[in-house]
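Novice: Residues per chain are reported as follows:
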Amino acid sequence: MSDARPCKVVGDVSDLPESASGAKHLVWWGNIGFMAIEGTAFALAAGTYLYLMSQTQGWPPAGTRPPDLFWPAVLTLGLFLSEIPNLWVRRRAIAKDERGVRFGTLGMTILGLLLLIPRGIEFAHLNVHWSDNAYGSLTWMLIILHTSHLITDIGDTAVQAVWLFTHEVGDDQFADVEDNANYWTFVVLSWLPVGALIYLAPRLG
Amino acid sequence: MNGLQSALAPAGEQAAGIHGLFWLMMLVCGAMYLLVLGGVAWALWRAVRRRRTAGEPAINPPDVGLNRGLLGWAGLIVVGLTVVITASFLVERNIAAARARDALEVRVTGHQWWWRIQYRDPRTGGWIETANELHLPLGRTTRVALGSADVIHSFWVPNIAQKLDVIPGRINLLDLTPTRPGWFRGQCAEFCGIQHAHMAFDVKVDPPESFDRWLAGQANAAAKPADPVAAHGQRVVTGGQCAMCHAIRGTPATGRAGPDLTHFGSRRSVAAGTLTMSRGAIQGWIAQPQALKPGTMMPPVALSGADADAASRYLMGLQ
Amino acid sequence: MTEPLTPEQADRLAVSWRDAPGLWGFLTTVDHKRIAARYILTVVLLMFLAGMLALDMRLQLAWPDMGRMTPQLYNESFSLHGSTMLFLVSVPVMEAMAIWLVPLMLGQRALAFPRLAAFSYWLYLGGVLMLWVPHAFGITPDLGWFEYPPLSGPGYGPGHRVDIWAQMITFTEVAALAASVNVVATVLKMRPPGMTLARIPVFVWSQAIAGLMTIFSLPAVMLVTSMLIADRLVSTQFFAPSAGGDVILFQHLFWWFGHPEVYIIFLPAAGFVSMIVETFSRRTLFGHVAVVLSMLGIAALAFGLWVHHMFAVGLPRLGNDFYTAASMAVALPAGLQIFCWIATLWSGRPRFDTPLLWVLGFIATFVIGGLSGVMAASAPLDQQITDTYFIVAHFHYVLIGGAIFPLLGAFCYWYPKATGRLMSERLGKLAFWLIVGGFNLGFFPMHLLGLMGMPRRVYTYSEGMGWGPLNLVATLGSAIAVAGGLVFVANAWWSRRHGAPAGPDPWGGSTLEWAVPSPPPQHNFDHLPVVDSLTPLWTQKDALQVMTGLAIERREVLVTSVIEATPEYRQKSPKPSIAPLLSALAVTILFIGSIFTPWALVWGAVPVAVALVVWFWPQRERARTGPLRVRR
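Residue numbers (this note's numbering), protein chains in the order written: chain A, 1 to 205; chain B, 1 to 319; chain C, 1 to 632.
In short, the hints are calculated from the structure, not lab data.
Remember, predicted model here, so these are calculated numbers, not experimental data.
Yeah, the Cβ is synthetic: ideal placement off N, Cα and C, and Gly gets one too.
Keep in mind that the hints are not guaranteed to be accurate.
Said to hold, decoys possible - Cross-link-like lysine-lysine pairs, in silico, DSSO-like; alpha carbons within 30 angstroms at most: (1) K575/C <-> K24/A; (2) K8/A <-> K541/C; (3) K572/C <-> K24/A; (4) K204/B <-> K224/B; (5) K24/A <-> K96/A; (6) K541/C <-> K96/A; (7) K24/A <-> K8/A; (8) K572/C <-> K8/A; (9) K96/A <-> K575/C.
To be verified - Covered stretches of chain C (chain A as the covering partner; in silico rule of three or more C-beta atoms under 8 angstroms from a C-beta of chain A): (10) 188–200; (11) 246–253; (12) 619–625.
Same shape as in the complex, but just chain A (with noise of 0.2 angstroms):
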C-alpha cells in the first residue's frame, strides 16, 4: 500500500534522536496536560471552601478548635526539605546518570513514605469530623484530596525505582524520573494554597 498521491521528498528525519528531555519530550506535555487538570481541581476546591467561608458566620463554626499546626508544620518542612534531594534526582536525570536515578528515587520513596507519617497523625489533630458541618467536610476534602495526590506519587516512585534497579535505562527512562521529579515538585507545591486553607484559613475567620 502507498500514499494515494505521488510525493516528491523533500528532507528526512533519520538523523533526528530517538528520544528527547524537558519540554520537547512529548510525555511531558501529557504531565503537563494532567498536572492542568488536578491544579483546576484543586482551585475549584479551594473556590468552594471560601465559598462556604463566606457564606457562613463563624469559621470554624462556633465550638470547633482550629486543626492543631505542629504536624502539619512537620509535614511541610519535610516537603520544602524533599525538594532538595527532589531537584538533584532530577538533574542526574536530566544528566543520564544511571546510578544517580536509581538511588535517587529509592530515597525520594523513603522519604515520601516518611513524609507520610506526619500527614496521618495530621488527620487524628484536624479536631473536626467531616459529618459534624460543612467546615468539617471541606476541611477533610481538602486534605484527602491532597493525600490521594502525595500516596499516587510516592507509588509511582517506588514502582520506578523497582524498575530502575532491575533494568537496562534508556533515554525514555530518564525522561520518565523527570516527569515524576516534576510531579512530586507539583505536589509540593500544591500543598501550600492547600494546606494554608486548612490551617491558616480557619484561625482568620
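Chains B and C: place on chain A using the hints.
Specialist: Just chains B and C now, kept in the frame of chain A:
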C-alpha cells in the same frame, strides 16, 4: 390561547417591563436573523447565477471588500448588543426600584407539592395562613418572602412578574405589582420531584377594598357548619385522619404538615391546581389522591359514602 | 535526499502497524481510527435510544391530560434522555471525531498517547453501561440531567438512582479528560513539519481549544458529583443548609462545567463547518484568523458566564448585570464566524452536495438558537423564560442545530474517507429535509409554549392551559425528525456496501487526510507529509511534499516543536496492549464499589495500581549494571 399563565399577556408592572424588553429583543434579533438569511440567500443566488463549474480552487483570494464587510458586521453586532444590554439593564433597574416601596408582606413557603401562603395581619401583626391561592391588591406592591420547607422550587406568576427560586436555607424576596384585576395562575418552575407538574396556585388580583375584605375574612376562624350533614362532616374531618396534617382554625384540627383548610371552600382549586374546586373533586381527592396526583404526600382516606358526602359538604362550606 | 519507500518497504511498514487478528486484536488495538469508530457506533446506538425516549415523551405531551406515562416514568425518561445526550453523546462524539481526524489531518500515524485513547473508550463504555444496565433493571436516575440537591441529597433521593448518575459522570469525565490531554498534546507536539500555528486547519484548532476547555472545566463536575456522593454515602454536609452547607454551591460548580460544556460541543462543530465550507466553496476559508480568534474568544468568555444559568436563584443585581453583558458578548465572536462562512460561500463557487446542505441547515437553525440565547442572557428576560419550554427550544436549537447538524454534515463529508464509499446523495437529501424540517417544526413552537407559561419537566398539563395545539405540532415535528434520523442511518448502512467507490479525494479537499487512500491503512501515511500552507493539498497538487526516515520495522512517530513544528525527535509509538482495557476494568470496579462503600476507594485502588503498573512498565533489557544486576 389562554392568557391565565402567560408572559405575553402582562398584568403586572414587572412582567410589563420584561414584556417590552422581549419585543425590543425580538426586533433586534429578528433583524439580525433576516440579515443572516439574506446573506445566505445572496450567496446562493450568486452561485446559481454564475453557474461556474468547479475548477481549480481559489487559494487565498484578496477579499478586500469582504474584510471591510466583516468589520461592518462586527460594528453592527456591537451596536445591537449595546442596545439590548442597555435595555436589559434599565428594565432590571426598574424592577429593583420596587424594593424601595412600602409593600404588603406575604410569606410563601414551597412544599412538595403545594404552597403555604401567609399574610401579615394588618390588625394584629400576626400571620394569616392559607394555601395555593394568592390574593393581591391591585396597583400596590406585594413583597413575597420565599422560603422552602424541603427542596428547591421556583415561584412564578408569568403574567405579573419574573420567577424567583425558592431555596432551602435562604429567603428570597420578590416584588409583585399587579396592574390588571382578575384571575391568574402561577406554577412551580424548578423541577422538585415526582409531582412538579402539579404544583400550581391561583392568583386573584382585586381592587384594594375587595382585597382588604378578603384578607379580613381570611383572618376569621372557620365557618360553622350550616346544617346537620355538614356538622357530621366537620366531625369526620376534624376528628379523624385529616386533622393530623391539616389545620382548620376554630376546630380541633391543627395539623401543620399539609395546607391550611380554614377557608378551603372559597378557593378555586384543589390539590395545588390539580382539580377544579367542587364537591366531587373533594371527594375524589380524599378517596383517591394517589390516582389523581401520583406520589402526593396526601394519603388516601377510606370513608363511607355518607361520611365522604358529609365531609365534602363541610369542606365546601368553609368559605 | 532519499527515495520514497519501495512497495516492499511500504508493506513492511504496514505490518509493523497492523493489529493482531480477531478478538485479541479487537481488545488490544490502539489504532485511533478503530477506537473512534467504536465511539461513533456507540453514540449512534445511544442517539437512537435517546431519540426513542424523546418520542415517547413527546407522545405523552401531544395532548393535554395524557395518562400513557406515569410521572415516575416521565421523570426517568427526561433524566435518561438528557444525561445520555449531554454526557454520553454530545461530548464523546466530538472527541471521537477528534480521535479519528486529528492524526489524519496532521499527517501522523497515531495520536500522542494511543493507549490512553483506548483507555478513554473503554472507560466511556463503562459510563454507558453504568447508566443503561441499571436502567434495564429498573434503577434509573429520575432527577434530570443536573440533579440539584437537596432533591438529589440523602434526604430526598433514596436508593441508588442518584449514585448511578453521579458515577456515570465520573466515568465519562475521566474518559473525556484523558482524551482531551491526548488531543491537545497531539496538536501541540505532533504537527507535520511546516505546519506552524498559522497553518493549523480550523478543525484541529477547534479540537485543541475544546480540549483545553475540557481540562479546565470538567474537574468541576467531577468534584461536585463526588461531593454529592459523599453527602449521600458518608454524611458530609456540603449541601446541607442546616450544617453550614449550601445548596447553591452545587449549581455554581455544576455550571462552571456546564456552560463551557456547551462550547466544548459547539467549537468542534464550528470546525466541521469551516472545513466543509472551504472544500465545497472551492476557496480558502475567508477570515481564517478571525474564525480561530473567535474560537479562542468564545473559549475565554465561556468561563465567565456560568451564572447566567442561575439568574432565577436570586443573586445580587450587580452580578446579574455583569453576567448579562458577558453572556451577550459571545454573540460577537459567534456572529463573526457566521459572517466568515457566509462570505466564503458568497465569494466561492459552491457545489451543493449533502455536506454543504447541512451547513446551510446549520446556519438557518443555529442562528435562531444563538439569538434566543442572547435573549436568555438578559437577566430580567431570562427570569421569565428560564425553566420553561422557551429554554428547551433554545438549547435544542443550539445543540441539535448548532452541533448535531454540522456533525451529520461532517459524517457525510468524511464517510467516504472512512469507508471508501460515497453515501447516497438522494437518501442524504431526503434525510436532510426530514431532519431539518421536522426539527424546526418540532422545536419552534416550544418558544411560544414557554412564553405562554409552560414549565419544563412537567409530565402533563390540563386542557385549560391552552398548550395542546402547539404541543401536538411539536410532537409531529419530532416524529418527522426521528424518521429522518432513521433514513440517515439506513443510508450509512446501505452505502457501506453499495455506495459508489469514493477514491482518496472525492470532494477535492484541502487538508492532509485526503492524501491517503480511503479507507486509510492502519498506519495512515507511508511518508511524513510536509506542509507549506493552510491548504496543502491545493498548493501541492502535483506531488505531495514528504519526508522519509521514520522506522519501518517498528512503530515510530515524529515529534515537532510547539510553535514552528520543526522536527525534534522520533518517538516510539506503543504497540497494541490489553493494559488499557484491564485498567478501565479496574477503575470500573472502583467506581461501582464506591457507590456501596467508601472503602472501595481503598481496596479498589489496588487493582487500579496493578493495572497501571502493567500498562506503564517499560519493556527493556534486564539490568547488567547496578546493585540488582543480572549476572550471566
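Novice: Checked against the structure, which of the hints given earlier come out wrong?
Specialist: 6
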